[in-house]
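Now for the letters of each chain:
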Amino acid sequence: MKHFTQFENKSLADSLIEKALFYKSNPSIDNALGEGKRIGCIFLNPSLRTRASTQIAAINLGLEPIVMNMDKEGWALEMKEGAIMNKGTVEHIKDAAAVLGSYFDILAIRAFPSLTNKIEDLADFTFNQFVKYSGVPVISLESAIRHPLQSLADMITIEENWAKKESPKVVLTWAPHIKAIPHAVANSFAEWAIGCGHDLTITHPQGYELDESFTHGAKIELNQSKALEGADFVYVKNWSAFNDYGKIVSTDPSWMLTEKHFEQAKEAKVMHCLPVRRNVELSDEILDGKRSLVQEQAKNRIYAAQSVISKILG
Amino acid sequence: MKHFTQFENKSLADSLIEKALFYKSNPSIDNALGEGKRIGCIFLNPSLRTRASTQIAAINLGLEPIVMNMDKEGWALEMKEGAIMNKGTVEHIKDAAAVLGSYFDILAIRAFPSLTNKIEDLADFTFNQFVKYSGVPVISLESAIRHPLQSLADMITIEENWAKKESPKVVLTWAPHIKAIPHAVANSFAEWAIGCGHDLTITHPQGYELDESFTHGAKIELNQSKALEGADFVYVKNWSAFNDYGKIVSTDPSWMLTEKHFEQAKEAKVMHCLPVRRNVELSDEILDGKRSLVQEQAKNRIYAAQSVISKILG
Amino acid sequence: MKHFTQFENKSLADSLIEKALFYKSNPSIDNALGEGKRIGCIFLNPSLRTRASTQIAAINLGLEPIVMNMDKEGWALEMKEGAIMNKGTVEHIKDAAAVLGSYFDILAIRAFPSLTNKIEDLADFTFNQFVKYSGVPVISLESAIRHPLQSLADMITIEENWAKKESPKVVLTWAPHIKAIPHAVANSFAEWAIGCGHDLTITHPQGYELDESFTHGAKIELNQSKALEGADFVYVKNWSAFNDYGKIVSTDPSWMLTEKHFEQAKEAKVMHCLPVRRNVELSDEILDGKRSLVQEQAKNRIYAAQSVISKILG
Chain S
4 MKHFTQFENK SLADSLIEKA LFYKSNPSID NALGEGKRIG CIFLNPSLRT RASTQIAAIN
64 LGLEPIVMNM DKEGWALEMK EGAIMNKGTV EHIKDAAAVL GSYFDILAIR AFPSLTNKIE
124 DLADFTFNQF VKYSGVPVIS LESAIRHPLQ SLADMITIEE NWAKKESPKV VLTWAPHIKA
184 IPHAVANSFA EWAIGCGHDL TITHPQGYEL DESFTHGAKI ELNQSKALEG ADFVYVKNWS
244 AFNDYGKIVS TDPSWMLTEK HFEQAKEAKV MHCLPVRRNV ELSDEILDGK RSLVQEQAKN
304 RIYAAQSVIS KILG
Chain B
4 MKHFTQFENK SLADSLIEKA LFYKSNPSID NALGEGKRIG CIFLNPSLRT RASTQIAAIN
64 LGLEPIVMNM DKEGWALEMK EGAIMNKGTV EHIKDAAAVL GSYFDILAIR AFPSLTNKIE
124 DLADFTFNQF VKYSGVPVIS LESAIRHPLQ SLADMITIEE NWAKKESPKV VLTWAPHIKA
184 IPHAVANSFA EWAIGCGHDL TITHPQGYEL DESFTHGAKI ELNQSKALEG ADFVYVKNWS
244 AFNDYGKIVS TDPSWMLTEK HFEQAKEAKV MHCLPVRRNV ELSDEILDGK RSLVQEQAKN
304 RIYAAQSVIS KILG
Chain F
4 MKHFTQFENK SLADSLIEKA LFYKSNPSID NALGEGKRIG CIFLNPSLRT RASTQIAAIN
64 LGLEPIVMNM DKEGWALEMK EGAIMNKGTV EHIKDAAAVL GSYFDILAIR AFPSLTNKIE
124 DLADFTFNQF VKYSGVPVIS LESAIRHPLQ SLADMITIEE NWAKKESPKV VLTWAPHIKA
184 IPHAVANSFA EWAIGCGHDL TITHPQGYEL DESFTHGAKI ELNQSKALEG ADFVYVKNWS
244 AFNDYGKIVS TDPSWMLTEK HFEQAKEAKV MHCLPVRRNV ELSDEILDGK RSLVQEQAKN
304 RIYAAQSVIS KILG
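Going line by line, the protein sequences match chains S, B and F. Count along the first sequence from 1, add 3, and you get the number used in our numbering. Count along the second sequence from 1, add 3, and you get the number used in our numbering. Count along the third sequence from 1, add 3, and you get the number used in our numbering.
Think of the hints as simulated: they come from the structure by calculation, not from any bench. The reader is advised that the hints may include incorrect statements.
Identical chains share a label here; the pair holds if one copy fits it or two copies do between them.
[Claimed, not checked] Straight-line distance between alpha carbons at most 27 Å, and here's what the computed DSSO-like set of lysine-lysine pairs gives: (1) 83 / 263; (2) 293 / 135; (3) 83 / 293; (4) 229 / 172; (5) 90 / 182; (6) 135 / 302; (7) 27 / 5; (8) 314 / 293; (9) 135 / 121.
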């Protein structure tokens, strides 16, 4: 594995999950693996869990993390090939990524989508420019269209909470939100859940259809109650429209899960990547109750990152 | 000692002071104590001394510090229970504090007051929400109403500069300032000076009465000259009004200490927590002269933090 | 060597270059040199390469780096002696620098010029106030008038790319830019190139004369083509006017180097400190071609810093 940017195959996913669970029991066991090496964590956008968990994962492996908030401590990067840089951008990604690549053994990068330029977002343009020009292994800390460390943590969490032989019924349900939110978490979760062999149903109000290249293999059921019937895991997430790109086409509050939504799924666990808008996306009742796995998911972010870095280090 | 948020009792204070002085002579002696452990330093407000000294204290103990500027690198936190989060706040303290608590062995938090919502400030609401939901030991890096690491450093500094058997006469004097400043340093200094058995006099223009729950046991003397008579240590600090909450009710420049204020206190030492507004709160003459202990106080911030972290670790 | 703020003499420069090349081959060889010591990296301005390379250099030497973005995480500093601080500045450099000096074994500081107050800029006022009041060795991470770590990295790069006995012909050429840019890199490069015995020619449109105290010993040739004839190394850099201080007096695009500028300097290598405005200062063709040494220069920033810190540590 050179880069970690998306789901590759079930065998690799299984091995990453297994390694993560091993590290969860033995966080410091490989603390000499990264000796004398460095990971540069480049943030073009804000972060809480990802920032902390990636640093901790690196430290657990003896790797030195250096965090850079490019947007705040550095300057605006130019992404376009051949640009005549006589406007606001100060440094071209070609130069900046190559320098960072020469300074670090691994780069980890967060680059959100514009939600306005669909073509560039779909090409994961900013993120891929880093990959193209840095010349070193790159880990996605959430790109325009994927959040694979989150999804790996999610798969670990499902693994820990599912003892049966048959595949769990996993439901990804859209939730209301007041802002236009990227598709990265929803895309990645679908990609990983399907790839890992879970029985995935996706439900959302009309107009919130996701990019089919991520959802191929999932059932789509626009009736939320029907979708939830018999669910083992319910993944709650808002996203903006994909077809009417980046738009909010409904904020229907009835889609916010409350205890009464679980009449046909008494045992279902509830997942969310956080940050969550309480009582907008998910009710306090659910988040503070027994169904919630959100804290387990967050904790597993450390071991997901540790597993990935370890695999890249070799 | 689980948390470090305020003065507890003289015996604990004495033991923290003693340990701090020991570390000042032997900074690296316990550099394996924090091995494999982490402290998360969460700043909701700016910092210079506190930021650097807490990191250094942690490193001296072999503990890995990770600093997060929540306000700049993260997002706005919701503090209210049961909030419907359809406005500017992105994550509830319930979720964020629990995640941080699961990532770190100790959390250190800076959360200034609003100076507008007296009830919430007095309840130290933001800070206490972190304590309530993180589930791990929490160190105050200055809360709405207290700055205990500063006060501990101040007590260490007095200890180092006082050889006599009897208690020193300590005067806390209000000083002019152009902005409305929190009560945290003044409250905490009073709490610790009284608790440590010093003979404390507080002086300020009428209207700047502090919260009596912190000053019980101190003499209040509104005549500054009288208050300063025979002082051994003069602690200079501005604060805004407590009764007319958060207001500036006087900026009388005669309250700024100059050499002529010390005619009845020839040997008095002068203290200030920094940052200080020169020639507004305190004259250059005093700050650059022999009376000033401000640099010693600042240096002792390292050992105060090191003593506290060490006590929490075990 | 106590501070590292400028070119001192050829013998010291040679020894720093030699040490840097040694560290480039053996980055971790002295990783116990800085044990138990700390370097504070204080940024009053943004940074990418300097921020990362200085941290890496410190880590390579076992020295703990702590980065502080004073402008963003701290507050505005007052620089003027005797100031009555009743305006926007929160802490005097006297106090802040002394505290930082008591916390760290070495300070590294970035302080850009105003480009409006020529007298203060020429006196390197902000930077020198740090030096004056910190009491510890100070490394310049770019001051108002010099960028010596960049120049040292540049000299290392020339050393690596020049095998002949005679001095190389080095040309410093002004390049167009859309903003008013400091003189620090140009000044320092001239100072170091001349001091290291290179044959330096400086070329620029009329009105962009540099401060003669840095260029004494260089040929000045206002005809760019003539200047470039027979060049071995061409250092490209924009700067604003020095006489008409801080002004943009020409943006003549013909000064941007393209391949056709090298007809009389077929073998010339091209250097730039980065960040570079592509297709404004330098063409893609040059930056992406074989002449470009910009990535080598950037990489050498690590070893320049490592050499300097090592020399200061003793």
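Evaluated hints:
With identical chains, the CA atoms of residue 83 and residue 263 are at most 27 Å apart between copies only, with a shortest distance of 24 Å across copies and 50 Å within one. Taking the shortest Cα distances, residue 293 and residue 135 sit within 27 Å of each other only across copies (19 Å), while inside one copy they are farther apart (44 Å). When the C-alpha separation of residue 83 and residue 293 is checked against a cutoff of 27 Å, the pair qualifies only between copies, where the shortest distance is 22 Å, while the shortest distance within a copy is 48 Å. For a Cα distance limit of 27 Å, the shortest separation of residue 229 from residue 172 inside one copy, 13 Å, qualifies, whereas the shortest one across copies, 76 Å, does not.
Taking identical chains as interchangeable, the C-alpha atoms of residue 90 and residue 182 lie at most 27 Å apart only when they sit on different chains, with a minimum of 10 Å there against 29 Å within one chain. Taking CA atoms no more than 27 Å apart as the test, residue 135 paired with residue 302 passes between copies only; the shortest distance there is 19 Å, against 31 Å inside one copy. For a Cα distance limit of 27 Å, the shortest separation of residue 27 from residue 5 qualifies both inside one copy, at 23 Å, and across copies, at 25 Å. For a Cα distance limit of 27 Å, the shortest separation of residue 314 from residue 293 qualifies neither inside one copy, at 34 Å, nor across copies, at 35 Å.
Taking the closest pair of Cα atoms, residue 135 and residue 121 come within 27 Å of each other only inside a single copy of the chain (20 Å); across copies the shortest separation is 43 Å, beyond that limit.
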